[in-house]
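With the hints as constraints, model all of the structure from the sequences given.
Protein chains in written order, with my numbering: chain A, 1 to 219; chain B, 1 to 828.
Keep in mind the hints are simulated off the structure, nothing from the lab. As the structure is a computational prediction, the values presented were derived from the model and not from experiment. Any given hint might turn out to be false.
Computed beta-carbon distance windows for the label pairs [to be verified]:
| hint | chain 1 | residue 1 | chain 2 | residue 2 | range |
| --- | --- | --- | --- | --- | --- |
| 1 | B | 800 | A | 134 | 39 to 49 Å |
| 2 | B | 366 | A | 198 | 36 to 46 Å |
| 3 | A | 16 | B | 788 | 54 to 64 Å |
| 4 | B | 738 | A | 127 | 36 to 46 Å |
| 5 | A | 199 | B | 738 | 44 to 54 Å |
| 6 | A | 213 | B | 807 | 21 to 31 Å |
| 7 | A | 199 | B | 437 | 51 to 61 Å |
| 8 | B | 410 | A | 16 | 17 to 27 Å |
| 9 | A | 134 | B | 788 | 50 to 60 Å |
| 10 | B | 410 | A | 114 | 56 to 66 Å |
| 11 | B | 366 | A | 17 | 52 to 62 Å |
| 12 | A | 17 | B | 800 | 51 to 61 Å |
| 13 | A | 198 | B | 298 | 43 to 53 Å |
| 14 | B | 24 | A | 176 | 52 to 62 Å |
Even for Gly, the Cβ is constructed at its ideal location relative to N, Cα and C.
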Amino acid sequence: MLSIRQLSKSFRQPEGDIQVFDQLDFNMNPGASVALLGESGSGKSTLLHLIAGLDRVDGGEIYVGDYQITVMSEAELAEMRRQHLSLVFQQFHLISTLKVIDNIRFQAALCQRYDADYEILLIERLGLTTQLKKYPYQLSRGQQQRVAIARSLLHKPALVLADEPTGNLDEQSSLEVMSLFSELVKDAGSSLLMATHSRDMAAFLDRAIHLHNGKLDAC
Amino acid sequence: MHASLYLVIRAVLSHYWCHRWQTLFLLVGLVAGVGLWSAVQIINQQARLSYAEADSLLGVQAGYWIRSRNDTGVEVADYIHLRRAGFRQLFPVVEGEVSTQRGEPVSIIATDLFALPSNLLDVDKIDPATVWLDFVQPPYRAWIPAQLADELNLEKNSRLPLRDGRLLPPALVQSHAQQGRQILMDIAAAFELLNMTSLSYLALGAIKPNELERLQSLLPQQLELIENHQHLDLQQLTESLHTHLSAMSLLSFAVGIFIVFNAVRFSLWYRRPTFINLRLMGVSTRLLMTSVLIETLFWSIIGTTAGVLVGMQIGKLLLPGLSASLHSLYDATVNTQLIWQLDTILKAWGITLLGLCWALAWPLYRQLKQHSLASRVSEDEKQSRQRLTRAAVVLVVCSVLLYPYLQDALSGFLLLGLLLFSAAWFLPSLLALALQTISCSIPDHPFIARWLVSDGWSQLPALRTAMMALMLAMTANLGVGTLVDSFRNAFVDWLEVRQSADIYLRSSRVDFGRLLDPQQSSAWLQHSHRRIGVTTRWQFRQTLIRGVDKQAPDSLNLPLAQWSADSPAKTLALWRADANSLLVNEQSHYLGGLQLGDKIDLETANGPKSYRVLGFFYDYGNPYFQFYLSREEVVRQWPQHYSRGVALWLNPQNENAVLLAEAAMRAAGASAGDWISQLQVRKLSLNIFERTFTITAAMNALTMIVAAIALLASLLAILQERLPQFAQWRALGVRSREQFFIIACPILIFVTVAWLLAIPLGALLSWLLIHKLNIVSFGWSMPMLWEMAPAWRLGGIILLVVCATLAMTGWQLRRRLPDALAQLGEMD
Numbered sequence: 001m002l003s004i005r006q007l008s009k010s011f012r013q014p015e016g017d018i019q020v021f022d023q024l025d026f027n028m029n030p031g032a033s034v035a036l037l038g039e040s041g042s043g044k045s046t047l048l049h050l051i052a053g054l055d056r057v058d059g060g061e062i063y064v065g066d067y068q069i070t071v072m073s074e075a076e077l078a079e080m081r082r083q084h085l086s087l088v089f090q091q092f093h094l095i096s097t098l099k100v101i102d103n104i105r106f107q108a109a110l111c112q113r114y115d116a117d118y119e120i121l122l123i124e125r126l127g128l129t130t131q132l133k134k135y136p137y138q139l140s141r142g143q144q145q146r147v148a149i150a151r152s153l154l155h156k157p158a159l160v161l162a163d164e165p166t167g168n169l170d171e172q173s174s175l176e177v178m179s180l181f182s183e184l185v186k187d188a189g190s191s192l193l194m195a196t197h198s199r200d201m202a203a204f205l206d207r208a209i210h211l212h213n214g215k216l217d218a219c
Numbered sequence: 001m002h003a004s005l006y007l008v009i010r011a012v013l014s015h016y017w018c019h020r021w022q023t024l025f026l027l028v029g030l031v032a033g034v035g036l037w038s039a040v041q042i043i044n045q046q047a048r049l050s051y052a053e054a055d056s057l058l059g060v061q062a063g064y065w066i067r068s069r070n071d072t073g074v075e076v077a078d079y080i081h082l083r084r085a086g087f088r089q090l091f092p093v094v095e096g097e098v099s100t101q102r103g104e105p106v107s108i109i110a111t112d113l114f115a116l117p118s119n120l121l122d123v124d125k126i127d128p129a130t131v132w133l134d135f136v137q138p139p140y141r142a143w144i145p146a147q148l149a150d151e152l153n154l155e156k157n158s159r160l161p162l163r164d165g166r167l168l169p170p171a172l173v174q175s176h177a178q179q180g181r182q183i184l185m186d187i188a189a190a191f192e193l194l195n196m197t198s199l200s201y202l203a204l205g206a207i208k209p210n211e212l213e214r215l216q217s218l219l220p221q222q223l224e225l226i227e228n229h230q231h232l233d234l235q236q237l238t239e240s241l242h243t244h245l246s247a248m249s250l251l252s253f254a255v256g257i258f259i260v261f262n263a264v265r266f267s268l269w270y271r272r273p274t275f276i277n278l279r280l281m282g283v284s285t286r287l288l289m290t291s292v293l294i295e296t297l298f299w300s301i302i303g304t305t306a307g308v309l310v311g312m313q314i315g316k317l318l319l320p321g322l323s324a325s326l327h328s329l330y331d332a333t334v335n336t337q338l339i340w341q342l343d344t345i346l347k348a349w350g351i352t353l354l355g356l357c358w359a360l361a362w363p364l365y366r367q368l369k370q371h372s373l374a375s376r377v378s379e380d381e382k383q384s385r386q387r388l389t390r391a392a393v394v395l396v397v398c399s400v401l402l403y404p405y406l407q408d409a410l411s412g413f414l415l416l417g418l419l420l421f422s423a424a425w426f427l428p429s430l431l432a433l434a435l436q437t438i439s440c441s442i443p444d445h446p447f448i449a450r451w452l453v454s455d456g457w458s459q460l461p462a463l464r465t466a467m468m469a470l471m472l473a474m475t476a477n478l479g480v481g482t483l484v485d486s487f488r489n490a491f492v493d494w495l496e497v498r499q500s501a502d503i504y505l506r507s508s509r510v511d512f513g514r515l516l517d518p519q520q521s522s523a524w525l526q527h528s529h530r531r532i533g534v535t536t537r538w539q540f541r542q543t544l545i546r547g548v549d550k551q552a553p554d555s556l557n558l559p560l561a562q563w564s565a566d567s568p569a570k571t572l573a574l575w576r577a578d579a580n581s582l583l584v585n586e587q588s589h590y591l592g593g594l595q596l597g598d599k600i601d602l603e604t605a606n607g608p609k610s611y612r613v614l615g616f617f618y619d620y621g622n623p624y625f626q627f628y629l630s631r632e633e634v635v636r637q638w639p640q641h642y643s644r645g646v647a648l649w650l651n652p653q654n655e656n657a658v659l660l661a662e663a664a665m666r667a668a669g670a671s672a673g674d675w676i677s678q679l680q681v682r683k684l685s686l687n688i689f690e691r692t693f694t695i696t697a698a699m700n701a702l703t704m705i706v707a708a709i710a711l712l713a714s715l716l717a718i719l720q721e722r723l724p725q726f727a728q729w730r731a732l733g734v735r736s737r738e739q740f741f742i743i744a745c746p747i748l749i750f751v752t753v754a755w756l757l758a759i760p761l762g763a764l765l766s767w768l769l770i771h772k773l774n775i776v777s778f779g780w781s782m783p784m785l786w787e788m789a790p791a792w793r794l795g796g797i798i799l800l801v802v803c804a805t806l807a808m809t810g811w812q813l814r815r816r817l818p819d820a821l822a823q824l825g826e827m828d
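Given below as structure tokens:
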């Protein structure tokens, strides 16, 4: 599903270049869920951005399914993200001016894979039935993250990239949301790569890997 | 593609539904800008249409006129003789003036309808029910334009009572204004009404060159053939005024677009997460750009529609004033009934689209092209300030380069635009400098002062556009205000000297010899000044050679703009002593290129003769050249001169002088309405003057209102943006009064800096308007009257506006802070 080969990435800083990844390799099978652990600043988010084509690599190759991310144009990357990827962030990234129901449907409508039955199922499982006509700012953070999860899964993407999805929630909510999230990803048949610094959250997924000094180690 | 586009557009536009204040300000900016611009365009277009109509006026459309050389009119017998000689293109015209019962002067024009060439009178426009026979036989008909009929409260078939008790023929009200503000009637009716027996002139329709030569050879000695330039003159003369108005409307549009820019800036700031979101969900840059273009198109259509509708209303309010101005300045008649023009709407749409592309599409495009999602606002702000400053320097250099090539109104306004925008773009750096200076000048400053300055830095990016708009509006206000004050001052001085006589009498029927006979007039008359004139063309422009009494009070105190001797008094003395010297108006200097000491060769009845220019006198508002010679010299050299009336200074010792003068004038052949008192002249002139500048004052006030809205929009947007921050302050124990103080002080500092910059800039603007623009546009100047009082007054008004907007902001803060405070502690 996801294949990374010889990935290199550095950032230019006034005090000198910072090498984030050097010859990094990683593979992930379809339907797998992997937790990406690491300290703050270890490059977890950068790796997710590179996989999503939001940032450019210095060297190496990234494949999502049959797509080689590293050689695609901006327009091709946008199309790939729309059809095959989903991103879930700590900051929810909901469209504040659209109602909850419109937010949930947005990406599915965009890639024209809207499934009304699955939408009902997701909404019920995530406990959003009474919140659909509200705007995001009228919801609690836990509820907002549930909306973001529903939106990310409604079109059943091949790969879900999640960056600290529960980082903005309290412990109880985090556990509830994470449990639901991992189950729903499995039900959707999607793969999940989730960056987190919490081993408790990582425990919900199939396996965990550790990012340290630009290298990946199995935990 | 369509489904995706719909989704994206919905997401992008949903912002405006949720942030209605921003939507309102965006709309206000658009409508204000487009409204003011289109109002002026509609007015200009209406004026041009009226000029085109004026071209088809009776007599004006004629290629040539035949007039009598001594202004005694054309005898009917001569007209019949020429018609019998085969000149069917000739038609007779009688012009005159009567006074209504209320003393309003009304112009009469008359002709023989059956003699008119078919192309000169649009018969189709005449009411089919018109009985032609009624028109040409007693009691006749007075054909009155609808607008004039309205003003005179005349209805169909009613008869207008005149001052002398007689009645006009029954009114026939016509909706189109082919004869301008003149009342058209049959020539026989006019002869009866005006007590005339001769024709004012003969007008000549299209004629072949060889026919023209034959006509010339057949003309009796006392008649002359004059080429008609009137329609050309009108367009040329009014062009500067219309350019002036267009420039002001563009300034208003610019201020409006500043508001749009401001509103869009905040909408972009708010929508940044939405755009990031859309990109994360796989929306391509192209799709986003398409949606932004559609958003631009959407706003341009809404803005144009609403703006043009508002513009029509503003136009309706301003047009009567402008019509009066054009009538008083150039004798041009402008119909005050506005009409829709597709052309204006399309132009308004085009300019709105351009403005929106600059204010909305371009910043969005730049934002979308950014690969990095990180925001580095402070660095961007500094770079943006530097960019603006560099652009301002370029504009200043351009204006310095342009200055020597100022030749017409257009280049003048271009220079003004360059200067104004360079100052506006300098302003953010000046504001930053002010903050820096305050910061450095309080070394051991208390915490509150440090906080205040730091808050100023955080407000600067959000407020700078509004400050630029405010500064532009203040500069325009001061500059144009000074121009109008200078004009008023000069005009009043001019009236004091030039219109100092007690009574002005103008009539071709008066026996002036009898009226001014010293034996008969000594009881009531102290001084008289008979004026005669000869109209000619000099340097392709209509020129009046006036024969004046050099000893008359108005001639003795003639205000000179430039003089050849040591002083104006010595120059006037030289002029009085020398019959071969003349004084000319400023227009002859600036537009005709005459210099002091130059010699002008004039064609006289006795052959060419040279006259030396001794000085230039102020001649405000006159579009023509004017030369002053002694009356005796004009009589000697131009026997065909005509009378321009007489100015009478009454005997102040005699209480009954006015009554005696009126009786004497009647006895000499004048009728009521032929004379006007000085008091009436002054009142009329000042009224005309005030009406002339009504439109300028209105545009000025509207621009200020637009700028005030820009300021309010910015303050409310800042409030919205910083509400969580303000809530944090309150949570830390900051009192509401302290908070308001911290927000208000930097704004007051910025407004003060903008005001201080607007003062010298306003002075520069008025100097350029008076000493450059006025001269290249109109050919006359005046002393500039610069006072600080208007600047202080403006400062006070701006302070009030700022206080009002701050009060509104404070009220909003009070209303919304509790919610923001509640959200502070919310975790889940």
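These are the hints, each one checked on the structure:
1. B:800 / A:134: 39 to 49 Å: 42 Å, holds
2. B:366 / A:198: 36 to 46 Å: Given range 36 to 46 Å: holds, Cβ gap about 38 Å.
3. A:16 / B:788: 54 to 64 Å: Because 59 Å falls inside the window, the suggested range holds.
4. B:738 / A:127: 36 to 46 Å: 44 Å, holds
5. A:199 / B:738: 44 to 54 Å: 47 Å, holds
6. A:213 / B:807: 21 to 31 Å: 59 Å, violated
7. A:199 / B:437: 51 to 61 Å: 55 Å, holds
8. B:410 / A:16: 17 to 27 Å: Given about 57 Å between the Cβ atoms, the range is violated.
9. A:134 / B:788: 50 to 60 Å: 58 Å, holds
10. B:410 / A:114: 56 to 66 Å: Roughly 58 Å apart at Cβ, these two residues keep to the hinted range, so it holds.
11. B:366 / A:17: 52 to 62 Å: 28 Å, violated
12. A:17 / B:800: 51 to 61 Å: For residue 17 of chain A and residue 800 of chain B the Cβ distance comes to about 57 Å; the hint holds.
13. A:198 / B:298: 43 to 53 Å: Holds, since residue 198 of chain A and residue 298 of chain B (Cβ atoms, about 46 Å apart) stay within the stated range.
14. B:24 / A:176: 52 to 62 Å: About 42 Å separates the Cβ atoms of residue 24 of chain B and residue 176 of chain A, which means 52 to 62 Å is violated.
Against the hints set out earlier in the document, violations occur for numbers 6, 8, 11, 14.
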